[in-house]
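Starting from the structure of chain A, add chain B where the hints point.
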Amino acid sequence: MKYKLISLFVLGILLLGTQSAWAADADKEADTLPSPYFIDGLHCEGLPQSKRVVTWFASDEEVEIAKRVASQEDCEATLSVYGVSKFSWLTPEDLEKLSDTLKRSHLFKTVEVSIKKSEIKNHIHLFAKLDRYPTERRTLENSFTATGAKNADSSRFTNATRFQYDNFEQAPLGSYKFGTYVEHSSATGPLLGQSPAQFDNSQYPFLMDFYVGSTRHLFLNTHLDTEVHLIAMHDVLSNSVDGRGYGIVTWRFPTRISFLSGESYIAPGLLITESQLYPGGRLGWTYGSPEASHATFDFTFFAKSGGIALLDYDLKYRYMANTLGIEGVFGTISLQFRLSDPNVAPIDTLTPFSATDRQTLEFSVGKKFRLWDSPTEVSFRYGDENLRGLTNRESASTQFTGLGMVFRGEMWDVKLKATYQFDRMF
Amino acid sequence: MTNWGLIVLGLFALEAGSASAKPDCAVLKSAFTEQIVPRIKTGVPFELMYLGSEGDALLCRQTIHLTYDLWDEKVSLNRGATQLGKFPLPQTLTALCGHLMCEPSETPRGRYRARVLLNPLWEGRLARFQDSSGSGLVTINWRKLASTLPSEKLLLDVEVVP
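Protein chains in written order, with my numbering: chain A, 640 to 1065; chain B, 9 to 170.
Keep in mind the hints are simulated off the structure, nothing from the lab. Warning: the hint list may mix true and false statements.
Derived DSS-like pairs: lysine-lysine, alpha-carbon spacing no greater than 30 Å straight-line [claimed, not checked]:
no. : chain 1 : residue 1 : chain 2 : residue 2
1   : B       : K30       : A       : K756
2   : B       : K94       : A       : K736
3   : B       : K30       : A       : K755
4   : A       : K725      : B       : K82
5   : B       : K49       : A       : K768
6   : A       : K755      : B       : K37
7   : A       : K756      : B       : K37
8   : A       : K760      : B       : K30
Below, a sample of chain A positions facing chain B; criterion: calculated Cβ distance under 7 Å [said to hold, decoys possible]:
no. : residue
9   : E735
10  : L746
11  : V750
Glycine included, every Cβ here is placed at the ideal spot set by N, Cα and C.
Okay, chain A solo, but in the shape it has when bound (with noise of 0.2 Å):
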């Protein structure tokens, strides 16, 4: 008996033992876990009531749960936007993260982000209350451009609005646009260089494009946008329209790295006798923090497919900064190469010219302050452009210097630039 109390006396300090080094495991794993909170559940407030729910022969009850499902959802999905999910690992970085990027992003007038303990250690339930901006924003821009030059036929002012319309109820899972571009030029003569022909052929004093768009979040971080063109173009003089319509689609991914795609074609004539297709590509890539400095470049390429040649090389690199108060475009340079047929339409309507090439150097700097409560932003842009290979000249530079000005609200933008090119060359 003695022995046995013995045993048992050792077997419960073993046992003890035993445990406790358990414990002291467990403890440590938890010190050691890679990541130290576990999320069981996220939930949302202030999102917009989800439009997938169909409320057709459906009871107020079935209603009730169908719309509840589908704010959780939409929860899940929005939040996976910016990089969390349920039933994940998350570290404290990534929640300040989390509540630092849906603070930035523009969306929502203010987030409160918190966490609450689950059941579990290291479990916890994720709670984003969110308020939304208007999801509806209105632009309407006007820009002038004054172009003196020797030949007194050739000066000319072009008048440019554009209004569009966004619409991002869904954002940042999908949102929407649309809008109008018109452009309007005083051009009543052929530019210095080129033939009466060659004006009527290249002159489009009057542009309308209309264009619709829409953006679709498909996975982390990655969006596809898509944009529709329909350009109408009037020349006044032979009283010809020519049609031309393309199409963009653009992959937005973490790293802002996105493609472009596009066509279009080219009906020229008052009747559409015509269409040539002119598969293209774009590519464009976009580093760094918005808050601070960004570097984007852009390659165009367009080549057509038709009998006649064409060439339409741009290439662009931009570098932005946004801080000490002043923000803006610190260098872009552009190199365009065109090269085409003079008897053929060219794409671009204020740069009628063919087998060119062209150089931009550009600077702009703004700053943005509050006028009438609501927040004002002026810029400024001067630059110099090249161009070279035109029909009678070597090469012509061009100086340009503008004045631009954007009142914002929180449901609109007005935007009014004026440029002038002094003493155009050509």
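Just chain B now, kept in the frame of chain A:
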């Protein structure tokens, strides 16, 4: 009283007589109770920056990163990769004052402006959120931004007369 006791008393007297360039910790109390504590309790880590400036000139700055452990209910104060300590919520204010508030080495006009910013937008914070080292970021010009550094909220803005 021993000689040592006299020396200690003398040192205390000297300390009391010398003017401290740090503001009194009491000025942070209301911001701590109303803004910082609710923020700590959300469980989301955040950063506080103390800026001592005079016009455009930055005299001193200090940054503290706060994390709250929901299970042991202690606030961890960190500077960079260094943990300064873990404190229960009621003791955090004192610890915060000691670690956050810095003392300018000189105040040319005899007074300066002390501010506490919540989640300021500076390159250290931005770099921490970047996966890379943040080499693409422009370094902030502290002299220019001494009076206009953007942040989520300004928690304290007082004039200090040492």
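Here's how the hints hold up against the structure:
1. Taken as a hint, the B:K30 and A:K756 pair is broken in the structure, with Cα atoms around 38 Å apart against an allowance of 30 Å.
2. At roughly 22 Å between alpha-carbon atoms, B:K94 and A:K736 fall within 30 Å of each other, so this suggested pair holds.
3. Only pairs whose Cα atoms come within 30 Å are accepted, and B:K30 paired with A:K755 is rejected, the gap being roughly 36 Å.
4. A hinted pair counts as satisfied when its Cα atoms are at most 30 Å apart, and A:K725 with B:K82 qualifies at roughly 26 Å.
5. Our distance criterion of 30 Å between C-alpha atoms is met by B:K49 and A:K768, whose separation comes to about 15 Å.
6. For the hint linking A:K755 to B:K37, the alpha-carbon distance of about 26 Å falls within 30 Å, and the restraint holds.
7. Restraint check for A:K756 and B:K37: the C-alpha separation of about 28 Å stays at or below 30 Å, so the hint holds.
8. Simply put, A:K760 and B:K30 have alpha-carbon atoms about 41 Å apart, too far for the 30 Å limit, and the pair is violated.
9. Hint status for A:E735: holds, given a least beta-carbon distance of 4 Å to chain B, under 7 Å.
10. This hint is violated: A:L746 has a C-beta 16 Å from the nearest C-beta of chain B, more than the 7 Å allowed.
11. At a threshold of 7 Å, the smallest CB-CB gap from A:V750 to chain B is about 10 Å, leaving the interface hint violated.
When each numbered hint is compared with the structure, violations occur for hints 1, 3, 8, 10 and 11.
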